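Following the hints, put chain B in place on chain A, whose structure we already have.
Those protein sequence lines, which keep their order, are chains A and B.
Numbering-wise, this note's numbering puts 69 at position 69 of the first sequence, and it's gapless, one number per residue.
Numbering-wise, this note's numbering puts 264 at position 264 of the second sequence, and it's gapless, one number per residue.
Derived from the structure by calculation, the hints contain no laboratory data.
Everything numeric in this text was worked out from a predicted model, so none of it was measured.
Treat the hints with care, since some could be wrong.
[Unchecked claim] Pairwise CB distance ranges, derived in the manner of DEER restraints:
no. : chain 1 : residue 1 : chain 2 : residue 2 : range
1   : B       : Lys149    : A       : Gly238    : 45 to 53 angstroms
2   : B       : Arg170    : A       : Trp242    : 51 to 59 angstroms
3   : A       : Leu44     : B       : Ser146    : 33 to 41 angstroms
Glycine included, every Cβ here is placed at the ideal spot set by N, Cα and C.
Chain by chain, the residues:
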Amino acid sequence: MASTLPRMDLAERLPAWEGVRRQTDYWLTVYRRTWRGSVVSSFLVPLFNVVAFGVLLGGFVDVDPARLEGATSYLAFVVPGMLAAQSLQTAVGETTYPVMGMVKWNRVYYSMRATPLRTSDLVAGHFSFILFRLATASAVFVVVIAPFGLFATWWGAVGAWAVQLLIGLAFASITYAYTVRLRAEEGLGLVYRLGVLPLVLFSGSFFPIANLGPALEWVARLTPLWHGVDLTRMLTLGTVDWPLALLHVVVLVALVVVGWWLSVTGLAKRLAD
Amino acid sequence: MVDADGAGAGDSAVEGLGEPMIRARGLRKSFGEFEAVRGIDLEVRPGEAFGFLGPNGAGKSSTMRMVAAVSPRSGGDLTILGLDPGTHGAQIRARIGVCPQDDTLDNELNVADNLYVYGRFFGLPKREVHERVEQLLAFVQLTEKSRSKVEDLSGGMKRRLTIARSLVNRPELLLLDEPTTGLDPQARHLLWDQLFRLKQQGVTLVLTTHYMDEAEQLCDRLVVMDKGRIVAHGSPMALIREHSTREVAELRFGVGEHDALAAKVEDLGERVEVLPDRLLVYSHDGEAVIAQVHERGLQPAAVLVRRSTLEDVFLRLTGRTLVD
Chain A
1 MASTLPRMDL AERLPAWEGV RRQTDYWLTV YRRTWRGSVV SSFLVPLFNV VAFGVLLGGF
61 VDVDPARLEG ATSYLAFVVP GMLAAQSLQT AVGETTYPVM GMVKWNRVYY SMRATPLRTS
121 DLVAGHFSFI LFRLATASAV FVVVIAPFGL FATWWGAVGA WAVQLLIGLA FASITYAYTV
181 RLRAEEGLGL VYRLGVLPLV LFSGSFFPIA NLGPALEWVA RLTPLWHGVD LTRMLTLGTV
241 DWPLALLHVV VLVALVVVGW WLSVTGLAKR LAD
Chain B
1 MVDADGAGAG DSAVEGLGEP MIRARGLRKS FGEFEAVRGI DLEVRPGEAF GFLGPNGAGK
61 SSTMRMVAAV SPRSGGDLTI LGLDPGTHGA QIRARIGVCP QDDTLDNELN VADNLYVYGR
121 FFGLPKREVH ERVEQLLAFV QLTEKSRSKV EDLSGGMKRR LTIARSLVNR PELLLLDEPT
181 TGLDPQARHL LWDQLFRLKQ QGVTLVLTTH YMDEAEQLCD RLVVMDKGRI VAHGSPMALI
241 REHSTREVAE LRFGVGEHDA LAAKVEDLGE RVEVLPDRLL VYSHDGEAVI AQVHERGLQP
301 AAVLVRRSTL EDVFLRLTGR TLVD
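Same shape as in the complex, but just chain A:
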């Protein structure tokens, strides 16, 4: 019986950071050929979004600030929502087609698995690269919107930036776990149609979830993106409700932990067959 045999790599003592360090050159090489595209998506796209939706469209939104969850203008309300939504999109973008490529099209993961690297090293290396992408993309976003005077405090700006890593990692790990189990790439379209799109539209990024009505408002509160949006908004506006902020962090960390476990087990199973 397979279950009575020792698990692969049980006795290995290679430290986790060493496994990640050995993959640095690989991911640097990957980034050297893709960074030009990511400059457009992480610098110009947020700027266009902030100008179009926040400033120009937002200029038509004449609303009582009391209904904007503490924001003084629609621009101040929508920008943190857009920041969190961008982190979701970056994370999903890095864990759908690129991951599918590595397990199915060019099968690079299979070649990496033939080296001393363990499955958990491969996931950790990939997640480190995603963290780097999230860190740079959200840093650019924060810098781009800083001149609009939307951050109440400097530590709020730093906090909002740091929270993006958590939001992104939560969505990256869950999406990664899904992608490594997927045989046909058609399933990736569902992530965008049934996951990303409704989350971005209805998790409080663009309008207060109170507008959804009592029942749907609770549905929105259950979505992971709402926790990220609300946390980012508290930090940006300087209206931190600490117990609620702690709850947001706990929810996102729980997603990371569960997602990590599902990612490692999913990849191990995929690469063993």
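Only chain B this time, still in chain A's reference frame:
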């Protein structure tokens, strides 16, 4: 039972050459209900070239993936370099090279970068990897393609690059799964030459193939696998001696006539095999068989006398041809 007493244990020719590189006892692999490997025993000694010969689906690749310490076994014992792949997978993988059936190269990286990043996975220092990449590119004759994108390489070049990649950590044991499948004859001979050189340097080679000429060219010893079991083992020459005659007379008659004509030539050799397109008469003197066929008034459209090959061994043991 041939598969019960194993390939290595009884082979006195390789006894006493040191600890085995690979030792398997009752090794099994199942995928759900399907048993891909059904209890095989074998030993591979240092410095030898060992082959798994068999048709597609015989269990060769499943065995190789267990030996490569990436696929957990479903039963039996297995040690690679004296270590258990179930508990020491990373240590084993650090010391072996794997050339998989499909190239798994990173198409978007250039030739040299494919080797460089791979060497780094083994924890080799940067300078050492750079030197190693140059040596390996020269060895597989790809130095001029160093900056080319992988997707622009021919099939044979990609295969050579994959072999170079599998050598980046100076492995003691090199596993090659169907190394020349899909290559043209010239590319195959170039690759065989490179594998010979590695063998001369003392690298232990383990390869799977469904080409009998490849097995005969490269392997000191091989096992014939069919449906997850080992059905024969030995050197190519010994297998041919044991399971076939020296020569084979091939008789080609009209379409659909072979079954009926088999009875008329049955007594001319030790054995007759009926294939859809020809009759094979196994005999120690092929020319004499042809002469007698003509004496009996039979008029085959084409005749050929050749030496027995591993293909004949496989046909004898399984009743089927290697390549469908």
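The hints, checked one at a time:
Checking the proposed 45 to 53 angstroms range against Lys149/B and Gly238/A shows it holds: the Cβ atoms sit about 51 angstroms from each other. Against the hinted window of 51 to 59 angstroms, the Cβ-Cβ separation of Arg170/B and Trp242/A comes to about 57 angstroms, which satisfies the hint. The hinted range of 33 to 41 angstroms is satisfied by Leu44/A and Ser146/B, whose Cβ atoms lie roughly 35 angstroms apart.
Of the hints listed earlier, there is not a single one the structure fails to meet.
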